[in-house]
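Going down the list, the protein sequences come from chains A and B.
So the first sequence is numbered by my numbering: it starts at 1 and just counts up by one.
So the second sequence is numbered by my numbering: it starts at 355 and just counts up by one.
Derived from the structure by calculation, the hints contain no laboratory data.
Take these hints with a grain of salt, some might be off.
[Said to hold, decoys possible] With beta-carbon atoms standing in for the labels, derived distance ranges: (1) Thr267(A) - Glu694(B): 37 to 43 Å; (2) Arg742(B) - Arg330(A): 46 to 52 Å; (3) Gly654(B) - Arg156(A): 43 to 49 Å; (4) Thr459(B) - Arg156(A): 30 to 36 Å; (5) Thr267(A) - Asn423(B): 39 to 45 Å; (6) Asp55(A) - Gln517(B): 54 to 60 Å; (7) Glu521(B) - Arg156(A): 47 to 53 Å; (8) Arg2(A) - Ala497(B): 40 to 46 Å; (9) His223(A) - Glu405(B): 18 to 24 Å; (10) Glu221(A) - Ser807(B): 40 to 46 Å; (11) Asn423(B) - Gly42(A): 36 to 42 Å; (12) Thr289(A) - Gly680(B): 45 to 51 Å.
[Said to hold, decoys possible] Away from chain B, derived, C-beta distances all over 10 Å, residues of chain A: (13) Val57; (14) Pro75; (15) Arg217.
Computed from a prediction, not measured in an experiment: that's the story for all the values here.
The beta-carbon is built from N, C-alpha and C at its ideal position, and this holds for glycine as well.
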Amino acid sequence: MREITVDDLPDMARGAAVLGTGGGGDPYIGRLLAQQSIRRNGPVTLVDADEVPDDAVVIPTAFMGAPTVMLEKLPAGTELTAALRALENLIGRRATHTVSIEAGGLNSMIPFSAAAELGLPLVDADGMGRAFPELQMLLPTLGGVSATPMALADERGNNVSLRTLDNSWAERFARSATIEMGCSAAVSLYVLTGRQLKDLMVHGTITLCRRIGAAIREAHERHADPVAAAAGELGGRTVFQGKLVDVRRTTEGGFARGHAVLDGLGTDLGGRMDVSFQNENLVAERDGTVVASVPDLICVLDTDTGEPVTTETLRYGLRVSVVVAPCDPRWRTPEGLALAGPGYFGYDHAYVPV
Amino acid sequence: MLRLGIDVGGTNTDAVLIDGNRVLAATKAPTSPDVTTGIVTAIAGLKQAAEFDPAAVAAVMIGTTHFINALVEGDRLAPTAAIRFGLPATSALPPLVDWPDRLRTAIGEHSHLCHGGHEYDGSRIADFDEREFRAVLERAVEAGARSFALSSVFSPVNAEFEQRAAEIIAEELPGRPISLSHEIGRMGLLGRENATVINAALRELAEHVAAGLTRTVAEAGISAPLFLSQNDGTLMDVDYARRYPVATFASGPTNSMRGAAFLSRQADCAVMDVGGTTTDVGILQNGFPREASTDVSVAGVQTNFRMPDVLSVGIGGGSHVTHEGGPRVGPKSVGSRLTERALVFGGDQLTATDLAVAAGLADIGDRDRVAHLGKDLVRAGLDHIAERMAEVVDRMRISPDPVPVVAVGGGSILVPDRLAGASRVDRPEHYAVANAIGAAIAEVGGEVDRVFSVQPGRRDAVLDEARQEAVDRTVAAGARPGSVRVVDIEEVPLAYLPGNATRVRVKAVGELSLGDSLGELGDNDA
C-alpha cells in the first residue's frame, strides 16, 4: 500500500502510453483529470492485489469512446462518479475498491480520478496488461465474469444501464450508447469480488507503468538508451530500429486501420519492417516474416527520446524503434487467442509468441 | 523590385535588401530594448552599404522573437479573461488548467465557463445562454480583464458560440481586443485554447509594437506595406499581426532554414546549421520546413503549434577534441569562449576549429599554433566529424535518394565538400543573415484543419473541397489568385467515430499580391 501524489502521474502516464501499444487514447487528458482530482481531494491509496480481501466489492471505472473527441469535449468530472454510483444501485452494494480495466493509454489514469473523488482505494492491477479496442477483451471474460450489469454516464446527467447475454453484446450496446452520448462516456462494469480480482486480473500493472515511464525519463536524462530502458522494464526486446517511410490508413467499421512501413537504420540498415494496426499495433513483420503479433505487445517508441508514438501520430520521417514484449500468459491460451488473437482481428497467420 | 527583410532577434537586428534573387546589402545592428532603435540603425546601415531610394522599396518583411520573449519573461502581458463555451461538459479541466502558476498570475487568473459548444457531429452541447455570458463578462471586467480569449468545444467545426460572444463584447466594450480559438488553433481544445489565451495576453503589446514598426519604417522614408513572418514561413500584414501576435512564435527557425535554402536556390534540401556547440539539421520540402509531429510546450504552456522538425548533434566549431584510441569530438564545447580557449587563439583546448585550421580548411586565428598537430590526428578527427554529420542527415532524410545539403553557421567550415548521403554540399554567401532573408522572401499562406465525414466513394470530393477552401483562404490572406499552390495535405481517419470521420489538413501558399512586379517572389523554387 502506498500513496500516489500528483508528482507520480507524469511517469505513470508515459508508461501507460507505452503499454497502450499505439492506441488506448492519449493519457495526457487522463493525467490532468487525475491531477485535478488529487489536488482537490488528496492522494490516492494504491493497494496491491494481494492486500484486497476476498469479499471486497471491486468496481472498475473507465472512459469509452473516440480518443480524438476526448481531446476536444473534455469531461465534466461528474461522469465517473455517476457511472459508478449507478452501478452500485443496480447491484445493491457499495464499492470497496476501484481498478483499471485497461493499463494501456488513457484508462490507466481514469481510475485515479474516480478513486480520489470517491475516496476509494485503487488496486494496482488491470484487466488486460495492455490496451485493446473492445470491452469484452478482458481476462475476467475468460474467467467467466460478466461485463454487465454495466452503467454508462454522460456530462448531461444521462445514465444508461445494460444487462446483456454476453460480453460481446455488452460491447455492441455500449458502443451505440456512447455514440449517442457524443462519442465519449464514463463507464462502470465488470463488478468483481476481491477473490476474482486476485485470480483474473493482471497484478502490478499500474506500478509497471510508473517504472517504465521513470526508466525512459531517467535514461534520456543521462544520455543512455531510453528504448533499451523501456524494453528492460517490459521484459521485452528491441526488434527493429528505423525510419518511417510510409503510412497507409483506412477506416473500417469505425476503427482506424492501417500499416506503417519502416526502413532500417543502424544495425537494421537494409531491412524493412511493416507494422499493421487497428488503433493498437497488431502485427510486426520483418522482411515478410511475422516477428510479433497481438496479443503480445508491439510498442513503437521514438528512438531518441523513448517517448511512445501513437498510431494517430505516425508520420513520414519519424525515427522510431519497435519493442516487442510478451503478453500475460493467459492471453496465449486457445481461449485467450480466440478472444484477442490475430484471427479475431482478421489475420490468417498463426500466433507467433515473442 | 526591392524587398527589405528585417530579423529582430534577442541579440542582433539583421537587415537585408533584396532585388529579385540578388542580395544587394546586408547589415547587423544590436537589438534595442524598444525594438525600433535597432531597426533604425539597421536600415541606416543598409543605406550606407548600398545606395537605394527608400521610395522604391515594394515591401518590408519583419521577423521577430519579441512576442515569444514577452511570454517567456511573463512581462508586458495584458490581464486576460479566458472564457470557454462547453458546459455542462469540460468543467473538470477549466481554462488555464495546466499553466505554470507564474504565468497564470501574470495574466490575472480569469478563467470562466459558459454553457454551449458542439458535439463531434455539429449538434449543440447546450444552447447559447446570453444572460449567463453577460454576467461572466461583467465579472471578468470588474476583476480587471482587458483582453478576451473565447473558446468553444469543436469550434473548428462550428464557431457560432465564439462569434456570437465576440459580437456581444464588441457591442458592450467597443475596441477591446477579442481572440477567437477557431481562428488560431487546431483540433484539441486545451492546446487551441491555450494558444488563444496567449494571443489575447499579447494583444496590447502587439498594438504597441505594430505602431512602433509602422512609424519607424515610415520615418525611414519607406512607404511600402509592412508584413510580419509567421510560424509556417508565410506572411501576415501588420494589421493581422496586431490581432494574431501568437502567429510569430516559431518564425525564427523557419526563416533561418528558408533563408539558407533560398541563398542556395533549393526548395527540397537539408539545412545544416553548425554553431559553436551543436549542429542542427532540418529538412525543407516544397520550400517549407518539415514540421515536428509532437505538440510543443511554450514557456511551460501546452499548445498545438507545429514547430520545424530539427535534429541536433553535439558537434560544433568549439567542440573539444580528444584522441584516446580513436578520435572523439564533442559533446563538450568551449562554446562562446572559442577566441580564448582554442589553440589557434592561444588557448590550451584542442577544438574542432583547430582541426579545420590545421587542415587548411579555414584561416582564422594563428595557424602556426596548430602546426605541431599530426596529419593523421587531424585527418581522423575531421573524418569522424564528417561521419557523425552524415549520420544526422541520413536520419532526417525521407527517401533513400541523396539530398542536397546547405551548410550555414559559423562552424560550417567543418562540413566537408563531400558528405555521405548528400548529393551536394552548398555553402551560400550571406548565411549570417539567413533569418532576415527568410523573412524577405516569404509568401502568403492559408490552411484548413477540420474533421470531415467521408462517405464511401466521396473521398476525392472531400479532398477537393478542403483544397479549394485552403486556396480561398490563401487568396483572402492576400495572395495573388493563380499563384496559389497546395503544399501539404494530411488525412487521418479518426478511431471509433461513426460516418468515417477523417481529419483533413491542407496548407496552401501563394505570392504576395502587390502588383505585377512581385511575380518573382517565387523564383527561389525554380
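Right, here's what the structure says about each hint:
no., hint, result
1, Thr267(A) - Glu694(B): 37 to 43 Å, "holds (41 Å)"
2, Arg742(B) - Arg330(A): 46 to 52 Å, "holds (47 Å)"
3, Gly654(B) - Arg156(A): 43 to 49 Å, "violated (34 Å)"
4, Thr459(B) - Arg156(A): 30 to 36 Å, "holds (34 Å)"
5, Thr267(A) - Asn423(B): 39 to 45 Å, "holds (43 Å)"
6, Asp55(A) - Gln517(B): 54 to 60 Å, "holds (57 Å)"
7, Glu521(B) - Arg156(A): 47 to 53 Å, "violated (27 Å)"
8, Arg2(A) - Ala497(B): 40 to 46 Å, "holds (41 Å)"
9, His223(A) - Glu405(B): 18 to 24 Å, "violated (53 Å)"
10, Glu221(A) - Ser807(B): 40 to 46 Å, "holds (44 Å)"
11, Asn423(B) - Gly42(A): 36 to 42 Å, "holds (39 Å)"
12, Thr289(A) - Gly680(B): 45 to 51 Å, "violated (37 Å)"
13, Val57, "holds (26 Å)"
14, Pro75, "violated (5 Å)"
15, Arg217, "holds (15 Å)"
Hints 3, 7, 9, 12, 14 from the list above are not met by this structure, while the remaining hints are.
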